Amino acid sequence: MVGALTVPSDPALRAGVERWVDDTLADMPEHLRFGVLAQSIVLGLWAKVRGTDDDAALLASFETSPLWPVRQYVRLLKGLVIFAEQELAEAAA
Amino acid sequence: MSRIDTEVLVVGSGAGGATTAAVLAEAGRTVTVVEEGPWVDPEAHEPFSLEEMRARYRHHGPSAALGSPPVAYAEGRCVGGSTEINSGLWHRLPDDLAEEWQRRYRIDEFGPAALHGYAARVEEWQSVSRLPGAPPLSSALLERGATKLGWQSVEFPRVFRFADAPRGVKQTMARTIIPRAVDAGATVLPRTRVARILREGDRVVGASCTRDGEPVDISAEHVFVCGGAVQTPALLQRSGVRRNIGNGLKLHPTIKIAARFPHPIDHDEVPMHRVTEFAPNLTIGGSASRKGHVALAIADAGIDPRPELAEWEHVSVYYAAIRSDAGGRVLWLPGVKSPLVTYKLTDADLSRLARGLVHLGELLLAAGATELFPSVIGGTVARSVDDIGAWWREVDRRRTNLMTVHLTSSVRMGEEDTITGTDSYGRVHGLRNLYVNDASLLPDAPGVNPQAAIMTIALRNAEHFLSC
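Chains as they are written, first to last, in the numbering used here: chain X, 1 to 93; chain H, 94 to 561.
Chain X extracted, bound-state conformation:
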């Protein structure tokens, strides 16, 4: 999911974002971490069932889901990615 949410193509920046998000998820309260984990699994299964690798489209559909936990967990993860992406890019610059 982190890969699908990260936009920059620079491998070092992508790796930095993934590392930051992984560390943050590992330290996150269990009830939030398990929600994100469950969503990642669902995303993987859904992609397999639908035979698509368009993770971005699937994530967009999660973000507007009528179920609030689904919406919130993907917004949480997206927020982490965007913050890390911008801060790491700024630091590198």
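What the hints contain is simulated information worked out from the structure, not anything from laboratory work.
The structure presented is a predicted model; accordingly, all values stated were derived computationally and were not measured.
There could be a bad hint or two in this list.
[As the list claims (entries may be wrong)] To give an idea of the interface, some chain X residues facing chain H are shown, with a C-beta separation under 10 Å as derived from the structure:
{"hint": "1", "residue": "MET28"}
{"hint": "2", "residue": "TRP68"}
{"hint": "3", "residue": "ARG75"}
{"hint": "4", "residue": "PHE83"}
[To be verified] Label-pair distances were calculated between CB atoms; the ranges are:
{"hint": "5", "chain 1": "H", "residue 1": "PRO225", "chain 2": "X", "residue 2": "ALA57", "range": "39 to 45 Å"}
{"hint": "6", "chain 1": "H", "residue 1": "ALA207", "chain 2": "X", "residue 2": "PHE34", "range": "15 to 21 Å"}
{"hint": "7", "chain 1": "H", "residue 1": "ASP134", "chain 2": "X", "residue 2": "ASP10", "range": "30 to 36 Å"}
{"hint": "8", "chain 1": "X", "residue 1": "ALA93", "chain 2": "H", "residue 2": "CYS561", "range": "54 to 60 Å"}
{"hint": "9", "chain 1": "X", "residue 1": "PHE34", "chain 2": "H", "residue 2": "PHE255", "range": "42 to 48 Å"}
{"hint": "10", "chain 1": "H", "residue 1": "CYS561", "chain 2": "X", "residue 2": "THR64", "range": "56 to 62 Å"}
{"hint": "11", "chain 1": "H", "residue 1": "GLU193", "chain 2": "X", "residue 2": "PRO69", "range": "32 to 38 Å"}
Note that beta-carbon positions come from the ideal geometry of N, C-alpha and C, so glycine has one too.
Since the structure of chain X is provided, determine the placement of chain H on it from the hints.
What follows is chain H alone, placed relative to chain X:
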């Protein structure tokens, strides 16, 4: 297993814990402070940076009170607690709130006159002062917008010392009160987590801890729990203390706008002006606005922020915070390290947040903003006052993104023991030598930054303890 004997054990080193430790150590008591987080050099990291979040924040920053909508929050987890990561704004507890709390919760000796005496002493310790000279533009814009609309705004004092640096040095607990406690003989143990408080009948006898993963038992004659409004009730609950513990949580739900101006804005400081026209039920102010915060705030409107960041220096983040009717809970669950935190906003709260967003939008446009991104998914990006009207219906449970940095009231103090967890001075009901002395004690959300109230009450309670 190692063992430590002490007279007073203080759990937590933030505004409440540091104050308690310094007052008791300076009175000659043998004090040990345990802090779950590390001892971080105050100069080590840029404020609000990723490095600071990794080093000083619990969970690297993000956590959330579950609800519809959920409310994101952040806590410090280092020596000094949340005073190391907050904006340092200082506001005494308003007199009318002190009087209301005294009456409703039957708090002894809680009159405004007594509290002002304690507050004045803390302010001297903390070098509470206003910025010398002109405020930064990000702050002046709040004043400019308020003046144009005929609203009241105030430059808040902060815990900043200006003698050594023109922009000031924030007087966090790690820079001020913790060194005082250590100079008076207190021992501070960072990276030490308390698993549970140990009880024998109606007394506590110490705490079972781990330090760097190794078990440590601490024997103590008195224990003060000062871990903040989330960690304090969680520790009490897992130690078997549950009556009126964790079920009165209050916070200031906060809604944001990323505002674009036709000119660059400073991003080094949190604005020190607040619009107090609608206080204490609604306060308008400015937030940390590094590039990551600006991106996050634009994303909260459901917009990909990347194309909007070409001139990100022109964008700053502002907020409207409310005092809410709602309440929340902190619940420790067996086998889980982090407590479950919930907060149930009322419909009236959502209406207040919509009003806050509209007023904030009006203010920013009056201050010269050209484009406003509200923290509402799919919310109208406003370029004129006419656009703002849509926000009244767009602020709803499904789309609104909220956050807070002020959490209080999860234990509550007072003699009204059907709704409070401690007596008027923080002693836990039913236990002779277990005390709480932090944000948890405030009976309700103060509507302003709570650090002044926390330190004032902590000083009052610590001196009462010494007098007994």
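Outcome of the hint check:
Hint status for MET28/X: holds, given a least beta-carbon distance of 5 Å to chain H, under 10 Å. Taking 10 Å as the C-beta contact cut-off toward chain H, the hint placing TRP68/X at the interface holds, the least distance being around 6 Å. At its closest, the beta carbon of ARG75/X sits 7 Å from a beta carbon of chain H; the interface hint therefore holds under the 10 Å criterion. A least Cβ separation of about 4 Å between PHE83/X and chain H falls short of the 10 Å threshold, and the interface hint therefore holds.
Checked against the hint of 39 to 45 Å, the pair PRO225/H and ALA57/X fails, with Cβ atoms roughly 54 Å apart. The supplied range of 15 to 21 Å is broken by ALA207/H and PHE34/X, whose beta-carbon atoms lie about 47 Å from each other. Distance hint check for ASP134/H and ASP10/X: the Cβ-Cβ separation is about 31 Å, which falls inside the suggested range of 30 to 36 Å. For the pair ALA93/X and CYS561/H, the beta carbons lie near 58 Å from each other, so the given range of 54 to 60 Å is met.
Between PHE34/X and PHE255/H the beta carbons are some 47 Å apart, a value that agrees with the proposed interval 42 to 48 Å. One distance hint, 56 to 62 Å for the beta-carbon pair CYS561/H and THR64/X, holds here, with the actual separation near 59 Å. Between GLU193/H and PRO69/X the beta carbons are some 37 Å apart, a value that agrees with the proposed interval 32 to 38 Å.
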